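In case you want the letters, here they are:
2 protein chains.
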Amino acid sequence: MNFGQITIIGVGLIGGSIGLAVKQRKLATVVYGVGRDERNLERARASGALDRISTNLKEACAKSDFIVVCTPVDRVAADVLAAAQVAPSHCVITDVGSTKGNILAELNGKMPSGGATFIGSHPLAGSEKRGAAHAKADLFTDRLVVVTPIADTDTEVASVVDLFWQNLGARIMRMDPHEHDRALAFTSHLPHAAASALAGVTPIEWLNLTAGGFKDTTRIAAGDAELWAAIFEANRDAVLTSLAAFTQQLERFRDALETRDHPQLIQWLIEGKRIRDALGS
Amino acid sequence: MNFGQITIIGVGLIGGSIGLAVKQRKLATVVYGVGRDERNLERARASGALDRISTNLKEACAKSDFIVVCTPVDRVAADVLAAAQVAPSHCVITDVGSTKGNILAELNGKMPSGGATFIGSHPLAGSEKRGAAHAKADLFTDRLVVVTPIADTDTEVASVVDLFWQNLGARIMRMDPHEHDRALAFTSHLPHAAASALAGVTPIEWLNLTAGGFKDTTRIAAGDAELWAAIFEANRDAVLTSLAAFTQQLERFRDALETRDHPQLIQWLIEGKRIRDALGS
Numbered sequence: 001m002n003f004g005q006i007t008i009i010g011v012g013l014i015g016g017s018i019g020l021a022v023k024q025r026k027l028a029t030v031v032y033g034v035g036r037d038e039r040n041l042e043r044a045r046a047s048g049a050l051d052r053i054s055t056n057l058k059e060a061c062a063k064s065d066f067i068v069v070c071t072p073v074d075r076v077a078a079d080v081l082a083a084a085q086v087a088p089s090h091c092v093i094t095d096v097g098s099t100k101g102n103i104l105a106e107l108n109g110k111m112p113s114g115g116a117t118f119i120g121s122h123p124l125a126g127s128e129k130r131g132a133a134h135a136k137a138d139l140f141t142d143r144l145v146v147v148t149p150i151a152d153t154d155t156e157v158a159s160v161v162d163l164f165w166q167n168l169g170a171r172i173m174r175m176d177p178h179e180h181d182r183a184l185a186f187t188s189h190l191p192h193a194a195a196s197a198l199a200g201v202t203p204i205e206w207l208n209l210t211a212g213g214f215k216d217t218t219r220i221a222a223g224d225a226e227l228w229a230a231i232f233e234a235n236r237d238a239v240l241t242s243l244a245a246f247t248q249q250l251e252r253f254r255d256a257l258e259t260r261d262h263p264q265l266i267q268w269l270i271e272g273k274r275i276r277d278a279l280g281s
Numbered sequence: 001m002n003f004g005q006i007t008i009i010g011v012g013l014i015g016g017s018i019g020l021a022v023k024q025r026k027l028a029t030v031v032y033g034v035g036r037d038e039r040n041l042e043r044a045r046a047s048g049a050l051d052r053i054s055t056n057l058k059e060a061c062a063k064s065d066f067i068v069v070c071t072p073v074d075r076v077a078a079d080v081l082a083a084a085q086v087a088p089s090h091c092v093i094t095d096v097g098s099t100k101g102n103i104l105a106e107l108n109g110k111m112p113s114g115g116a117t118f119i120g121s122h123p124l125a126g127s128e129k130r131g132a133a134h135a136k137a138d139l140f141t142d143r144l145v146v147v148t149p150i151a152d153t154d155t156e157v158a159s160v161v162d163l164f165w166q167n168l169g170a171r172i173m174r175m176d177p178h179e180h181d182r183a184l185a186f187t188s189h190l191p192h193a194a195a196s197a198l199a200g201v202t203p204i205e206w207l208n209l210t211a212g213g214f215k216d217t218t219r220i221a222a223g224d225a226e227l228w229a230a231i232f233e234a235n236r237d238a239v240l241t242s243l244a245a246f247t248q249q250l251e252r253f254r255d256a257l258e259t260r261d262h263p264q265l266i267q268w269l270i271e272g273k274r275i276r277d278a279l280g281s
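These protein sequence lines map, in sequence, to chains A and B.
Mapping of the first sequence onto the working numbering: position 122 corresponds to residue 122, and the numbering continues sequentially without gaps.
Mapping of the second sequence onto the working numbering: position 170 corresponds to residue 170, and the numbering continues sequentially without gaps.
Chain A extracted, bound-state conformation:
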């Protein structure tokens, strides 16, 4: 497989890892990296993730066959539009955002007709670490990538996006973008909020009394605040729904404990254990 000229917009952990993987697997004639920070781009090129670099999005997209937008979710739509305005009509554009509905809403009716096509993607790979310095060529190996075509998406174009991720070692799942957002509110966004809240209420002088359980449970709270605020805001309604379910579940715990209802407390703990056990270690 060769995807021609690939342009990566936003060269952080994900964008940098895509560059490394594409180069290692020889999936492109040229990998072009776009970003705001020239030194960051230089470093990514030096690390072997990129062939060419530019701070000018239009210049880097004008001859692209495949574009991956790897900017924060509140900037994806604007970058997709900017790319679509200059890219060749056969160009396929995708992204890696953790939310999909907001991007489609922002793009609605704005994509140039007869021009490049956009289909959303979300690789379920990431880290509380940030930046191209943490990029890894195998970040997507055996990871799931959710691809979110909509009703009028060209099936051939959707297949190109599938193939791209599969060539990076990922598994593909097609999903409705809004269903994706509702699910990710529970499986990713709510856990982040819970981890942040746990860390946030822990008196710092008691941190030496933590062990592996606390470390694991709060690890993702170290994530970037701006990135995560954008994700929560982009998926506001679904996040609030998942939060309501979570606080209701905590109320059941509190009630069982307050009323000394031992069987109810056991039952409540078994509910969580059953689902966690189903996931495996």
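Possibly wrong hints are sitting among the right ones.
Which copy is meant is left open, so a pair is good if it fits within one copy or across any two.
[What the hints assert, rightly or not] Okay, derived cross-link-like pairs now, SDA-like style, lysine to any residue, Cα gap no bigger than 25 Å in a straight line:
#1 K129 with P263
#2 K26 with L81
#3 K26 with D152
#4 K58 with P72
#5 K215 with D237
#6 K23 with T55
#7 K110 with A133
#8 K215 with R130
#9 K215 with R171
#10 K129 with S281
#11 K215 with R143
#12 K136 with N208
#13 K23 with D51
#14 K129 with E106
#15 K129 with G212
By construction, these hints were calculated from the structure, which means they are not laboratory data.
Since the structure is predicted, the reported quantities are computational estimates derived from the model, not experimental observations.
Once you've looked at the hints, dock chain B against the given chain A.
Here is chain B on its own, set in the frame of chain A:
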């Protein structure tokens, strides 16, 4: 160092690991294991964790110099009393329970005068795994053990308990038992409740849409329900206090999101990140 005859009451993950560590480091003349399940005891002896085994607590404690009670927190006090009734007067008894106040309350006024002495311990080492089969000789290496003497604790006896854990490779911290319980409510018990609640509200059909963040955040939800119910109940008041702080923190998150207060949301995320970053990875 030699602690003479050591008896371990309750040979699970912690008790088994103590046996392995004591034997490996040659800290005892005899390691005696007590439990209800003879086959479990036989396996622990076969694995090298124990020299002698018995299902009769009194028999196994009658000639002990040092006793470690490793049963669930709702059984520790009864086992300490049973051991104290038969142990020599010079014998030092400690435990490994995750809660300390409830044990002292249950023991209050019941220890035989002029007999064996009890001081609580809590090694901050453990796992969502359970049972002697997962025991490891290095479970306590570089881990913190909180030792909780009270006002009338003999300082020499407290030093013996410190030395015991230090000889197993652990670091020691002395702490008031009630302060211990208040701290552990935040650093251990609340995270467990949050992890259980997160897992409990996640629709099982969406588990394939989880990644490392969900896995980490919910890992401890796989812990044993009976063990954890006993811990929550033993530390009820402090757990409810920590839960109230947690739900209040979640309400601040919800308010910032609902009212689209971006600076407040960023500030909230930074609070959690600052504390998690202070802990290290």
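Indices of hints not satisfied (ascending): Violated hints (numbers, rising): 2, 3, 7, 14; every other hint is consistent with the structure.
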